[in-house]
Structures are given as C-alpha cells and as structure tokens.
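The whole structure should be built from the sequences, with the hints applied where relevant.
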Amino acid sequence: MSSFKTPYPNAPITEAVIDLRVEVSPEVSVVDLAKVQKGEESSYPTVEIVNEGEFKLVLGPQAVANTSTQHVGFLFRSGDGKHIHQARMNGFTMSRLAPYPRWEDFCPEARRLWGIYRSVAKPSKITRVAVRYVNRIDIPVPFNDFEQYLRTVPVVSPDLPQGLSGYFMRLVMPLEDLFGSAIVTETLVEPASPNVVSIVLDIDVFRTYELPSTENEIWALIEQLRDAKNKVFEGCITDEARKLFQ
Amino acid sequence: MKANYAIHHPWQTPGGVPVVLALVCFSDISYAQSREASMVLAAEKEARQHWSERTEALIGDIQSAEDFSYSHLSPRQVSSITCQYKYVGRMRPRSFPLDE
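Quick note, the sequences are listed as chains B and V, same order. Taking this note's numbering, the leading residue of the first sequence gets 11, the next gets one more, and so forth. Taking this note's numbering, the leading residue of the second sequence gets 1080, the next gets one more, and so forth.
Derived by calculation from the structure, the hints in this document are not laboratory data. C-beta atoms are modelled at their ideal positions from N, C-alpha and C, and glycine is treated no differently. Hints may contain errors.
To be verified - Sample of chain V residues at the chain B side, in silico, Cβ under 10 Å:
#, residue
1, Glu1115
2, Met1118
3, Ala1121
4, Glu1132
5, Asp1178
To be verified - Quick list of simulated restraints, FRET-style, between CB atoms:
#, chain 1, residue 1, chain 2, residue 2, range
6, V, Arg1133, B, Val165, 13 to 23 Å
7, B, Trp113, V, Ala1136, 41 to 51 Å
8, V, Arg1133, B, Ser129, 42 to 52 Å
9, B, Asp42, V, Ser1131, 32 to 42 Å
10, V, Arg1133, B, Asn154, 29 to 39 Å
11, V, Pro1154, B, Gly63, 56 to 66 Å
12, B, Leu174, V, Ser1117, 34 to 44 Å
13, V, Arg1133, B, Glu114, 45 to 55 Å
14, B, Pro152, V, Arg1133, 13 to 23 Å
Here it is, written out as structure tokens:
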C-alpha cells in the first residue's frame, strides 16, 4: 500500500472533464440549446458559440476537397473561467480547470448541469461516456531518466542516443472489466518554468457500448470510469513523481 | 500494353464509387479547454501530419505500382505433326498359305 497521501495536495491536474455524447431528439435545434443557460446567467455569464468543421478529401479520377463549418452548440464559462460546460448537438461536456478542487465538488456540478442539458436536448440515446484528466508533470532538472518519474514511457534501444528533445505517445488500452477503453497520451510540452521539464499525461477513460440509460446508472458508470482513470494514473507514475505532488 | 486488371483506378470500388481517403475533422473549441489539452492536440496534429506526409508518398508508390505494364510471356513451344488419312477401300483379310 502506498504511503503517499491521496488526493495529492499538489495534484498535477490541469483539467478534469466529464463528457457524454448523445443523439439529441430530432425536434431539438441548435438554437434550443441556448436555453441551457436559463437561470445560470450569474454562475456562467460568458457564452460562446461552438462551431465544428469538416475537411473531406475524395480521391477519384479527380480529387475533390470540401470544407464545411457548422454551428453545433454553445460553451458557457463561469465568472472565474474555471468551470466550463458545453451543450452541443452531439453531447454535453463539463470541464474544470486548475486548481482542481475535489471530485466531490466537481462531479455534482457536472451532474446538475447535465440534468439541465438533458431536459433541453432530450437525448434519445447516449453513445459515449468519458472521464478525462489532463495532468502536467513538471520534473525538476537535472534528472537522469524519465523512468525515474514515469512508468509508461517510450522505450529507446540502448544502442541509440538516450536524449529525447521531444516525443508524442498515444496508447489505446482496452479495459475489459468496464467494457471500455483508456486512451493515454503522453507528450513533452513547453516547460512551465526554466528549471523543469514538463510532460503532459492525458488519460481519457470511456465506454461506447452497453451504456446505461437511467440517471443513477450513468453516474455510477462515471464513478467507475473515474476509479479506472485513477488506476491508470497511479500505474503510470513512480514514487518519485508522487513526492512532487505532496 | 496493359492487362485489364491493371487498368482499374485504385481509389474506386468495383462499382466505380470513389473512395473517401481522408476525413479530417477540426473544431475551434475542443472538448477539453485547458492550455495543456491544446498542447496535446497540437502535438497530435503534428504527429498526424508527419504520418500523413509519409502516407502520401506511400500512396504514390501504390499508385505507380498499380500502373505497371503487362509483360507478355510467350507460350511454351511444343512440337506437332500433321497427318492426312485417305480412304482406299474396305479392308480384306490377307490370305496366308496354311503350311507357312
């Protein structure tokens, strides 16, 4: 059993996301989604339009490229800009930016706003449920090896130079007990300060089939996805990294 | 000379329907909103572009490979003879002396 205190006092979480993809009712239009803000104007005073674009290249005897942009929903920001939720034609997303408070604060707010979205969008079907956490781990320099801090890193042959000035790694792992998957994305990013090397560890745990339909079952699944995310996170870091978060 | 099977366009199904080779979606606001999530997205785009550039070269190779000329192989030579039969009448048993 780990001797480290969790939740970590200085957790490296830069963003927590709860994301539900849906098929909305056919009689609901994108304009209707603006109603999600009704009564929430003081908590989420900023509204932005969400557009989605598509670039399609069809290769045949003659290549044809098409681009299109479509208004798909709205984004609402809280006064301090830390809470953001999106109401789109393809789903609902709740984000919490750093500093991350606690799951017990974040999750109920997401559930409350989902309830409003659900009453407006009247989704006929839920197609994907996800919990995503974006972490930035600032490793103090100098250090010898990424493996001092991370247990999931690119393996470089000992016959090659061991220095890395950049890497991007994306792993998709099935989580059989959850009927879901975890996408782990790890990349070097611009350092937060000159005396650290910053690595983003992005964990997206989701399920796309055998999805529940009742509210309680949906949120029980989200709890399970969050537990799975924690396991993946703990599996990716070393005790040396845990010391950084205390 | 091209063999018939080499004339089809590589990006068409047998029914002649063009194949959508690339379908790339972009969004002005991604589902995650943080600066770090944008960095991940940028790194992913860079990796995708890197992959795409190399794939284009590969597709070019596939296309040129599909555009080959058919090399005729001569059939194996065999020997033959021509013969003609001529009717000369009904056959009759030859007679042989019994003491031979």
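*Where does the structure disagree with the numbered hints, that is, which hint numbers, in rising order?*
4, 5, 12, 14
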